[in-house]
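Let the sequences and hints guide you as you build the complete structure.
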Amino acid sequence: MMTDPGTTPSQTVGPFLSIGMEWLHDPYVVPKGTPGAFWIRGLLVDGAGTPVPDGIVETWQADPQGRFDHPDDPRGAVARTDGFRGFARSMTNAAGEWGVFTVRPGSLPALDGGTEAPHLDVTVMARGMLQRVVTRIYFAGDDRNAADPALSTVDPSRRATLIAQPADDGYRFDIYLQGDSETAFFAV
Amino acid sequence: MTHLILPRYVRDDGVHPPLNSPDYRSSALRYPKKPLQLLPHGLTEITGPALGHQQVGELDNDLTRQHEAEPIGQRIIVQGRVLDSDGRSVPDTLIELWQANAGGRYRHVRDTWPAPLDPNFTGVGRTVTDSEGRFRFVTIKPGAYPWKNHHNAWRPAHIHFSLFGRAFTQRLVTQMYFPEDPLFGQDPIFKSVPDPKGRQRMICQFDLDSTEPEWALTYTWDIVLRGTQATPFEGDDNNDD
Ligand SMILES: [Fe+2]
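Chains as they are written, first to last, in my numbering: chain D, 1 to 188; chain R, 1001 to 1241.
The set of hints was computed from the structure by calculation and includes no laboratory data.
This structure is a prediction, so every number in the text was calculated from the model and none was measured.
Where is the CB? At the ideal position from N, CA and C, for every residue including glycine.
It is possible that some hints are incorrect.
[Claimed, not checked] Listed next, the stretches of chain D that the computed footprint assigns to chain R, with coverage defined by at least 3 CB atoms under 8 angstroms from CB atoms of chain R:
1) 17 to 25
2) 174 to 186
[To be verified] The following residues of chain R were derived to be distant from chain D, with all beta-carbon distances above 10 angstroms:
3) T1044
4) L1059
5) G1073
6) R1075
7) E1096
8) P1114
9) S1131
10) W1154
11) E1180
12) P1182
13) F1184
14) D1209
What follows is the structure in C-alpha cells.
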C-alpha cells in the first residue's frame, strides 16, 4: 500500500486548453537556422484511430553534449548563450499534428553506471485525459539504443513505438494513445 | 565507476485519477490499455525547463485588467504557495491559469453554449512564484457550465492550473474548485480522484483574513507537487558491485 504523499491530484486540461497554453506554443528547442537541426513531427491518435485535435505535446531534453542548464544536475548546470531551450510545446492542430524543431541530444550517464541513449522525454495531455502520459523519443539507427536502460525494460515487441524514423525534414514519431500500435508509456 | 546521486521523486500514482475513468466518457478512447513501464529517475527526469521570467508580463496575474473596463462578476483574489510533498517551497516556477467567465463561458471557438461572452474578460493568466513559492492572481469567480457527458451534466466552478515545478517529474495540470460546491456530487472529473482527501486538496479555502476590505474576496490554495525522498539511493564510489 502506498502512503499518501499529500500531493495535489491531476485533472484534465479539458477542451479549452488552448486558451491557457497556446501563448507558450513554441516548437523551437533551438532557434530556426541552427545547423543540423531538424523537425520531429507526428500525429496524436486516439483509440478509434482518430487524430486528437485538442491535445498538447511537450518535450524536454539534454543538449548535444548531454548537459542541462539545471541546478540538480550533479555535473553542474550549463548556462545557455546559444538559444538552446531544451523544452518545446506543441499544441496539436485540427488534424492532430504536432512538431518540435530540435537537435539530437547527447547520451547521458545512467543511474546504474551505464549510458542512456539520446532521447527526449515527452508529456502528452488532452481533453479526455485525467492526467498526462509520458513517453520517450529515441532515434532510429542510433547504436546506443541497444544498451539504453529504459528502452531495454520495454517489451521488445513495443520498442519500435519509441523510435523516431527518418522523414523528409527530420524524423517522424506518431503517438497512439490506444490500439494495436499503442505507444509504450512510462510511469514516472 | 561513479554512481550518480540524483534526487528521487516520490511516486504518487495513487493520488491521481485513473486515465481509464468510464464515468468521464471522453476518457474511453484516450487511455493506454497496456501497462505502463516504470521509468527510473535519470538526469532528464530530475531536470526541467525554467520558464516564465522572460515570458510573463507584470500584469499577467491580474485577469481583471486586461481590457478597457473591468469584467463582470465577483472579483476574487486566488493566492497560495507551491510546495513539494516534503514541505519545501517551489520558487521561481511558472503557473498558467485559464477559466470561464462569470457566466460559465470560455473565450474559445468551441465553447458555444448560450451564456454571454464578456468583452472585458479573456480568462487567461500566468505568474511565476516568488522566492518562497507564493503566487497571487486577481480574477473573477468563474461560473458553472453545462457539458454533454451525461444528462444535465454541469461542471462545478473551477480554474484550470498548469505547473512545471523544478523537474520533469513534477509537471502537473489540475483544476481548483471552490468550497462546498453543490455540483461536486454529479461531476465525474472531480470524482475521478479516488481518495476523498485528494479531492479536498483541489478545493481552495475562503480566507477572511486575506480578504481585502471593500475590494475582493480572497481564496487561498496551496498546490503540492511531488517531493524528493530524503536520502539518496546510493553514494559510495568505491563500493561497486
Ligand atoms: Fe473547464
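Structure-based check of all given hints:
Under the rule that three or more residues need a Cβ within less than 8 angstroms of chain R, the assignment of the region 17 to 25 of chain D holds, with 7 such residues. Chain R is given as covering the region 174 to 186 of chain D, and this holds because 7 residues of the stretch bring a CB closer than 8 angstroms to a CB of that chain, at least three being needed. Listed as outside the interface, T1044/R is inconsistent with that label: its C-beta sits roughly 5 angstroms from the nearest C-beta of chain D, within the 10 angstroms cut-off. At roughly 14 angstroms from the closest C-beta of chain D, the C-beta of L1059/R stays outside 10 angstroms, upholding its exclusion from the interface.
Its beta-carbon lying about 17 angstroms from the closest one in chain D, G1073/R satisfies the requirement of being farther than 10 angstroms from that chain. The non-interface label for R1075/R is consistent with chain D: the shortest C-beta to C-beta separation is roughly 20 angstroms, beyond 10 angstroms. The beta carbon of E1096/R is not kept farther than 10 angstroms from every beta carbon of chain D, the shortest such distance being approximately 5 angstroms. Chain D leaves P1114/R outside its interface by the beta-carbon criterion, the shortest separation being 17 angstroms against a cut-off of 10 angstroms.
In this structure S1131/R is separated from chain D by more than 10 angstroms, as the shortest Cβ-Cβ distance comes to about 14 angstroms. Consistency note on W1154/R: stated as away from chain D, and its beta-carbon is indeed over 10 angstroms from all of that chain's, at 14 angstroms minimum. Interface exclusion of E1180/R from chain D stands, the closest Cβ pair being 19 angstroms apart, more than 10 angstroms. Separation of P1182/R from chain D is adequate, the least Cβ-Cβ distance of about 19 angstroms exceeding the 10 angstroms criterion.
Residue-level check passed: F1184/R sits 13 angstroms from the nearest beta carbon of chain D, beyond 10 angstroms. Once the 10 angstroms rule is applied to beta carbons, D1209/R is consistent with being away from chain D; the minimum gap is 23 angstroms.
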